[in-house]
Amino acid sequence: MRNKTVVTVLSHIFVPMSVLLSDLVAARALAQNGNQFKDWNPASDEVRRTPKITCEDLRSLTGYEFSIITATVITATEGTPEHCRVSGQILPEIRFEVNLPASWNRRLYMFGNGGFAGEPFDVDDRAASRDRALKYGFAVAATDTGHDANAEPLATFATDRQKLVDYAFRAVHTTAETAKKLVRAYYGESQSRAYFDGCSTGGRQGLIAAHGYSGWIPWLVRENDRPVSVLFGESFFRSMAFPETDPKYDLARFDFDKDPARMVWIRQVLDATDPHLSRYQNHGGKIVMYFGWADAGLNPRMGVEYYEQVSERMGPSTSNFFPLFMVPGMFHCDGGVGVSAFDAMTPFVRWIEKAVVPERIIGSRIIEGKTIRTRPLCPYPQVARYTGTRSIDDAAHFVCRQP
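Quick note: the sequence shown uses this note's numbering, first residue 769, plus one each step.
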């Protein structure tokens, strides 16, 4: 039986959506969906595995491809089970962390990055993404994409073109492959499913994986791209946008007649806008993408237009492997004035493993810890329609229909 991997991804500068992928690629750190696995309910007969070797034994896997720096048993705490935490490095400077629970559900979960990446593994959002998955027995992987944001902030790392390549696509691929090797060594068998989750840059990472590495990332969840502030954008133009770098570049110098043509090369490196996903679909891959209608950083129409381009290329069966959910009132990746709290991973896994198609996802509006409204999020182009005269704050009184 072929091993499967599911991925959730959030997009970056040139790709504005959120994505869940199946077959493993990469989650977002700065705007990650904090509600993933909220509705998770493990099956009573779920098969679990225990380690076949000690955590310390994993250090012996150090070789040419990667080095294990530490392999440490982390004792159980409230909400987080005992697990083996492995940190290591892939040449030249890609740092990774893989967490292997003592009771494993035979799944691998990888989450992506935010912005220019380089985040520490223990920052709040990344630690929360890790711990939510560990709680339910997932092995969990993450990468810094090959640079340290504290030492090389924003896009400054990209003056080293090897680091740019690692950030653009190589780090996610090599980290996923390394995580799979650690899983096989620790438990004596490969994962039955692998999932990637990401928003903003994580969304871009997931689609890049779907485009170029369709053999190793069957399932993906992806969210919209990260907004480009003046500081964020200026760093991008100084270190990343053009073939030659300019540490003193001023945005006021941007030439709308000439500079877009100079940026073709970076689009070829970073873009995840290719609508040709037939290889990915034929491999059995699936994607769930969502985008906030109130995203102030990127025009939500970017997500819709990309999806429509894919649909034009792939035909009416597109939604069978790649549904898009537009979220009313949601800002960039989460937050906003709508029902922006929702768990996309649980229905995604149910789709992959139980063939239960996600015909709607329930979103909630939560204020001060209290849910004041729920609404169905519908697969595009469907929208939620009120069915009667009862509460408009209850998703049960809405159905998904064509507009």
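In short, the hints are calculated from the structure, not lab data. Keep in mind that the hints are not guaranteed to be accurate.
Heads up, simulated DSS-like pairs for lysine-lysine below, C-alpha to C-alpha not over 25 Å straight-line [claimed, not checked]:
| # | residue 1 | residue 2 |
| --- | --- | --- |
| 1 | Lys903 | Lys949 |
| 2 | Lys806 | Lys1138 |
| 3 | Lys820 | Lys1122 |
| 4 | Lys949 | Lys820 |
| 5 | Lys806 | Lys1122 |
| 6 | Lys806 | Lys903 |
| 7 | Lys1016 | Lys1026 |
| 8 | Lys820 | Lys903 |
| 9 | Lys1138 | Lys903 |
Which numbered hints are broken by the structure, listed smallest first? 3
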